[in-house]
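*Asks:* Sequence order for the protein chains is A and B. Mapping of the first sequence onto the numbering used here: position 690 corresponds to residue 690, and the numbering continues sequentially without gaps. Quick note: to get the numbering used here, add 764 to the position in the second sequence (first position is 1).
Everything labelled a hint here was simulated from the structure, so no lab data went into it. Glycine included, every Cβ here is placed at the ideal spot set by N, Cα and C. Don't take every hint at face value.
[What the hints assert, rightly or not] Sample of chain B residues at the chain A side, in silico, Cβ under 7 Å:
id, residue
1, G813
2, C814
3, I849
4, C877
[Stated by the list, open to error] Far from chain B, some chain A residues (derived; all Cβ distances over 10 Å):
id, residue
5, A30
6, A64
7, E161
[To be verified] Coverage of chain A stretches by chain B, computed from C-beta distances (three or more under 8 Å per stretch; other residues unrestricted):
id, segment
8, 235-244
9, 414-427
10, 470-478
11, 490-499
12, 686-700
The chain contents come next:
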Amino acid sequence: MTVHDMKHAASDSARLEAVGGRLSRVDGPAKITGAAHYAFEQQLEGLAHAVVVGATIAAGKVTAIDTRAAETAPGVLAVLTPDTIMQLKGASDWFGNPSLQPTYCPLAREVTYSGQHVAAVVAETFEQAVAAAALVKVGYDEIPAIVDLSDGKAGDGIPIEAMTKEWGDAQAAFAAAPVRVCAAYNTPREFQAAMEPHGLIARWEGDELTIWEPSQWLDGMARTYAEWFGVPFENVRLVSPYIGGGFGSKALALAHSAVAATAAKMLKRPVKLVLNRPQNFTSYGGRAATRQTVAIGADRDGLIQSIVHRGINETAVDGMWVEPLGSVTSIMYATPNFSSKQNVVRVNTVVPGAKRAPGENPSAFGIESAIDELAHELGIDPLEMRLINYAEQDPHAKKAWSTRQLREAFAAGAEAFGWAKRSPKPRSMPDGHQLIGWGVAAGTYPVRRAHGEAVVKILADGSVVVESSSIDMGQGTYTILAQTAAETLGVPVSQVSVKLGDSHFARAGVTGGSRLAGIMTGAVYKAAGQALDELVGLALSDPRSPFQKLQANTLQVRDGRIASPRGEGPELSIAEFMAAIGRNRIEAKGDTLPPNTTPQERYANYTTIAKSIPHTEGEWSRHSWCAHFVEVRVDEDFGTVRVSRVVSALDSGRLYNPKLAESQWKGGIIMGIGQALLEEGIVDRRHGRIVNGNLADYMLPTNADIPDIQTISVGIPDAHSSALGGKGVGELAIVGIAPAIANAVFHATGKRVRDLPITLEKLI
Amino acid sequence: MNDQVTISPTTLSLHLTINGRDHALDVEPRVTLLDALRERLHLTGTKKGCDQGQCGACTVHVDGERVLACLTLAAQVEGRSVTTIEGLADQDGTLHAVQAAFLEQDAFQCGYCTPGQIMSAVACIREGHAGSDEEIREYMAGNLCRCGAYPNIVAAVRQAAQELRS
């Protein structure tokens, strides 16, 4: 190899490893060899196993629990009921609002949903605990349950004033518009269904609690445990090195978490509790079922005059979840008149929760279906329709977009898909007994921001350690933080190790709302920059430094070696330099908090979501954008729908690692295909039970359901959205997939399905 | 193994061969291969996703064929050769072609279904069911991936199949 070749190779690898390079996952080797130990795979001495018993009614009282048979079963250590489990203190909610109840019992006497935990069995082995749990006899006084939104007892619900968005006179403008469409759009209860179930291991040592639990929010969950047990926050350590998928479901400490931690305290032994798959459909909330009506009035050229939107989502009898249904409706298109209002309706369910793009996802199904209906009504191409009504600024906040590459997304997606060849009439592109349909829809997700911190250490051997209590559930945090530190410090990625998933590391807020990458690259960039400044400062000024006599103003670190930028004087590896000055570490903590942040504000920033920064803060409105182009093939005889092609063009700003970002986009698109065609939680109308609470009957997309997917990045760096120019990636791509498929199905068949999922009986 | 375990009178003394190593194990007859691997032998690379034979995360090889460890009793594999994800790479750490292709093609995100996907993919190729993308999709359809790595999994299986043929 020539010297020239070596330089070339080095610069290639530097490009690959820098921020924006297509580096393979640094945590990949552990995951493909089985060496990655997920949270509740830790091996502890004396581990006991707990299994929860769920209510078989959806509403009523527990009248008696007969534990005798279970207590005498082999290996049983304890049978816990509301009467025998230790009482906990009420914990504040995720905004930091104190609990309304002074005490908390994770086992229910009053049942408000089917599957709610009413008892738990702890035994020496998992098999013994499962067998004994089946022996627990629970008596109930059952009352009629409100099973879902269509239940006659459900009512109209509670208005959520904070969701109201209005300008102009939407009702009058709609009434006066020459062209009008108005329709109702429904989405069912959906589930996150991460492949790794929820569960944990809890261990007490004195009044110190260690929890190994898959977590999207170590600091928030640690706060909850600390408050439940009345111990200082610092006494709780959450450990979550790898998370087997979360999709919004793993950000909170839940009732089963409290059961395990309490059992461990009562038994003075570490306890493992993992929910079985059916329990994963009832122990925490999936996406709430939603109902929307969207009315659009336009002139004959297709220019929108008014949008009137009404929405409801289900919530629990004893808990509040608002799925913001007007979030996309209010910003996607320019309109002089607008009205959106929302109610929530209480039904007997576990409190619904966050599932990938909560709010934006169902919101887009409504507005992106409705605009397609308007386009058809007017005989205007649905892509052209969207460009006619392109919002040049945020129509709601009345602020300029920080960046909005949506026009570019439409153009790039249409070009790659071949949209120009679309025959406009429905049912006009048959292929044998299949009807081909092409549909388009847009999506968006706000840039959610908060603050983060990271510690960067340069060690004596020249290696670099990055520490943060943020997490990697597959988005690629380990990798992009290694890239950020490597580029900032001028060292190869192989010299950097990133440590995440331990609440004793530098603080981090919730990993949700696609905000982690922007926050944490910013924090690591800052910490690594400080460490570099200290390294270079020592090299210039330390009396033992070989560079000191250079009298230089600055030095350069490249490929792990320190030298003068002009090439004069010595060149040392970081390890050689550290040895020369007799240091064994340089450590810097960087955070993105404003100056003068108090300790209380810092604590609130990381353990609640109250300190999130609005995406419309200051003079900009910040969002990611995308355009999806979908081809479906519908069997005319059987009504079966297959997605045969997807091209999506996406604006997530600058990508920190395009290889991993493309994977996340594809994952969102695939989850959207499931939402459009397969996924629906079915509730038994007699007892309010989820009847398809397993992975065969609640159908996830399989490999055979998924065609080739092409993703195109049209983003440009957005300095208003994050330190390094990225916007959100993970949630964006699911937004707009379901309407793009529904629009394609309409184009194929002439039938408009407004009720997800689009199953064959709705088409024949 | 935990000394405090209450041994029932029906405990079986098993000799299992896992990744070429012999393991002696005293378990109740109801213990699945999956729980024996994860809870007794500390081989947690094999994942429990559903425990009902629906997701494929627990796929291992028994005598070279893919089986679901959650639907297999530990006692059923006595005298047979079990391979898990931990035993797939060479002794010197050289990755199996399927593992290397998964890394290169980014065929996983959270990594939880990945050991099962890889074990399934190795068998899929060995069975001769990796002839086309269509065939790979069909014969890999028993392994769910909620992160949605499917297109990359197909690319990885295609790549590994080509490498193993050549």
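*Asks:* Could you check that no beta carbon of chain B comes within 10 Å of the beta carbon of A:E161?
*Replies:* 36 Å, holds
*Asks:* Count residues of the segment 490-499 of chain A with a Cβ under 8 Å from any Cβ of chain B, then say if the count reaches three.
*Replies:* violated (count 0)
*Asks:* Say whether it holds or is violated: A:A64 keeps its Cβ farther than 10 Å from all Cβ of chain B.
*Replies:* 28 Å, holds
*Asks:* Does A:A30 sit more than 10 Å from chain B, CB to CB?
*Replies:* 8 Å, violated
*Asks:* Closer than 8 Å Cβ to Cβ for three or more residues is the test here. Does the segment 470-478 of chain A pass it with chain B?
*Replies:* It holds: at least three residues are needed, and the segment 470-478 of chain A offers 4 whose Cβ sits within less than 8 Å of chain B.
*Asks:* So, as I understand it, the hint says B:I849 touches chain A; can you test that by seeing if any CB pair is closer than 7 Å?
*Replies:* 4 Å, holds
*Asks:* Hint validation: B:C877 versus chain A, beta carbon distance must be below 7 Å. Holds or violated?
*Replies:* Check passed: Cβ of B:C877 comes within 5 Å of chain A, closer than 7 Å.
*Asks:* Taking beta carbons only, do three or more residues of the segment 686-700 of chain A come closer than 8 Å to chain B?
*Replies:* holds (count 4)
*Asks:* At a threshold of 7 Å, is the proposed contact between B:G813 and chain A supported by beta-carbon distances?
*Replies:* At about 5 Å, which falls below the 7 Å cut-off, the nearest Cβ of chain A leaves the hint on B:G813 intact, so it holds.
*Asks:* Take the shortest C-beta to C-beta distance between B:C814 and chain A; is it under 7 Å?
*Replies:* 4 Å, holds
*Asks:* Tell me whether the statement that chain B covers the segment 235-244 of chain A is true, taking a Cβ distance below 8 Å and needing three residues at minimum.
*Replies:* It holds: at least three residues are needed, and the segment 235-244 of chain A offers 3 whose Cβ sits within less than 8 Å of chain B.
*Asks:* Using a Cβ cutoff of 8 Å, are there at least 3 residues of the segment 414-427 of chain A near chain B, or does the coverage claim fail?
*Replies:* violated (count 0)
Of the hints listed earlier, those the structure fails to meet are numbers 5, 9 and 11, in rising order.
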